[in-house]
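Chemist: Sequence:
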Amino acid sequence: MNLRAGILCVFITVGAFAQQLPPAPKLHVSTINSKPGYFNEPAIAVNPKNLQQVTVVWQVNASAAYSTDGGLTWIVAEGTAPKDYRVSGDVSLAYDAAGHALLCYIAFDKLGTSQYWAHGATRNGIFVRRSPDGGRTWESHPSTVIAHDSTAGIPFEDKPSIVAATSGPHAGDLYIGWTQFTLSTTELLFSRSTDDGVSWSKPIKLSSASGLPRDDNGALEGFYGIVGPDGTLYAIWDDKDGIMMAVSKDGGVSFSKERRILETGPGFFQLTGVSRSNGFPQLGIDPRNGDLYVAWSDYSNGDVDVFVSSSSDHGQTWGKPVRVNNDIVHNGADQFFQWMAVDPVSGAVNLVFYDRRGDNKQTTVTLARSIDGGKTFQNYSLDDESFAAEGDFLGDYLGIAAYGNKVFAAWAHQTQAPAQTEREKRTRTAVRVGVADFN
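Just so you know, the sequence shown maps onto residues 18 to 456 in the numbering used here.
There may be inaccurate statements among the hints.
Simulated pairs of lysine to any residue, SDA-like, Cα-Cα distance not exceeding 20 Å [said to hold, decoys possible]:
| id | residue 1 | residue 2 |
| --- | --- | --- |
| 1 | K266 | S157 |
| 2 | K66 | L89 |
| 3 | K257 | S326 |
| 4 | K222 | I243 |
| 5 | K43 | I388 |
| 6 | K257 | L223 |
| 7 | K266 | S218 |
| 8 | K66 | D212 |
| 9 | K100 | I163 |
Cβ pair distances, simulated, as ranges [as the list claims (entries may be wrong)]:
| id | residue 1 | residue 2 | range |
| --- | --- | --- | --- |
| 10 | G96 | Q395 | 39 to 49 Å |
| 11 | K100 | K219 | 26 to 36 Å |
| 12 | S329 | S167 | 47 to 57 Å |
| 13 | K127 | T161 | 13 to 23 Å |
| 14 | S167 | I345 | 49 to 59 Å |
| 15 | K219 | K378 | 42 to 52 Å |
| 16 | S201 | N306 | 37 to 47 Å |
| 17 | E95 | K378 | 30 to 40 Å |
| 18 | P39 | G170 | 49 to 59 Å |
| 19 | K127 | D389 | 42 to 52 Å |
Calculated directly from the structure, the hints in this document are not laboratory data. These figures come from a predicted structure and were not determined experimentally. A virtual CB, placed ideally from N, CA and C, is assigned to each residue, including glycine.
Can you make the complete structure from the sequences, with help from the hints?
Modeler: Here it is as structure tokens:
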């Protein structure tokens with residue numbers, strides 16, 4: 018049974034921050050969690066078979082809510098978090114070719130030592146839970162992509178991202194890429210499913226890096242995949258101060274040799290009041306013409322900015338990066354945790370990110386949108402209720418989906434009450450969803 022969880026729906030009013038940016042058109046914002054907690058790293062998706070069905074997922078634990086009216090109201094689903102592991106998170110979400118929702122997550126009992134995730138790791142793995150009705154109900158038993166028992170020296174699986182082939186010669190296939198931390202290396206692994214997520218292939222290695230296995234600039238992290246209209250699977254990830262790509266023409270059976278497509282600033286950086294920050298890249302494609310887009314953030318301009326580069330030759334060459342946030346360059350204001358979605362109908366390039374323009378101690382949320390192939394971006398306010406992060410864990414990413422000139426964005430919002438303890442810094446966020454209509 019699904020319970021209405023006291024979802025708070027508010028229409029945005031223009032405040033101090035929003036006076037600097039126009040509000041996104043026909044904006045409707047909902048707060049998903051009735052009470053704040055340790056909620057962050059949301060992912061959101063629209064059912065291509067039923068555009069009124071929208072699902073948002075988040076951690077901790079692997080949780081979900083669904084909407085049947087295009088994101089205006091939400092119901093929290095039951096039965097998504099695994100009961101046989103202590104913690105689950107790092108969620109990602111996709112709708113497959115049949116309109117089934119698929120929730121991918123990691124589950125574990127205990128992390129390793131501080132950010133060295135494989136040191137002292139206990140049993141952990143990657144799992145997929147399916148919803149046959151677009152996000153309303155979820156199967157009680159997930160499928161296993163990879164799992165380890167609690168034995169000495171086991172690796173730790175991290176940040177999986179699920180991709181669905183919804184058209185083309187491999188329609189119906191599912192793909193997952195992730196980072197595996199061992200005691201001495203970081204591996205970028207990949208698995209595929211050809212039976213709608215019931216079973217998964219033995220993982221193959223896309224890349225490897227030696228060194229201490231932790232979240233820093235020496236790790237391979239941030240797998241992100243996209244499927245082109247011809248079935249080509251493009252995969253990217255972050256590697257130190259650059260973005261790598263590998264391509265599969267056979268539905269993920271094999272991949273081209275990895276190559277660096279873009280030079281960027283270091284992928285990890287320090288931000289005031291944020292416990293950990295990175296500029297993980299995302300990849301998007303315009304199915305009408307095959308144009309590719311990559312988004313990331315770095316501090317190459319002296320503060321953290323969001324960038325997009327595009328390719329019109331299937332990723333062979335990439336254009337000069339375009340700065341997405343339109344505040345003054347090198348003004349000391351950070352924009353970070355960007356996430357991107359290319360509208361498959363209109364081709365518009367949409368990004369959501371945290372924004373500190375005007376006051377680098379206050380954080381709010383911005384939507385950037387390009388309708389000229391990523392050449393220029395208009396910035397809009399999504400949430401003018403800012404918050405002052407005080408070392409809170411806001412996750413590693415936000416979420417966004419777009420279809421038919423409607424944009425659905427999800428983010429973690431920190432409540433205003435000052436934190437008195439370290440625990441309170443981790444348990445005072447709530448997931449919000451904003452829906453903007455450009456029609």
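Chemist: With reference to the structure, classify each hint as holding or not holding.
Modeler: Hint check:
no., hint, in the structure
1, K266 / S157, "violated, 34 Å"
2, K66 / L89, "holds, 18 Å"
3, K257 / S326, "holds, 18 Å"
4, K222 / I243, "holds, 18 Å"
5, K43 / I388, "holds, 18 Å"
6, K257 / L223, "holds, 16 Å"
7, K266 / S218, "holds, 17 Å"
8, K66 / D212, "holds, 19 Å"
9, K100 / I163, "holds, 17 Å"
10, G96 / Q395: 39 to 49 Å, "holds, 40 Å"
11, K100 / K219: 26 to 36 Å, "holds, 27 Å"
12, S329 / S167: 47 to 57 Å, "holds, 49 Å"
13, K127 / T161: 13 to 23 Å, "holds, 19 Å"
14, S167 / I345: 49 to 59 Å, "holds, 52 Å"
15, K219 / K378: 42 to 52 Å, "holds, 48 Å"
16, S201 / N306: 37 to 47 Å, "holds, 44 Å"
17, E95 / K378: 30 to 40 Å, "holds, 38 Å"
18, P39 / G170: 49 to 59 Å, "holds, 54 Å"
19, K127 / D389: 42 to 52 Å, "holds, 49 Å"
Hint violations for this structure: number 1 only, all remaining hints satisfied.
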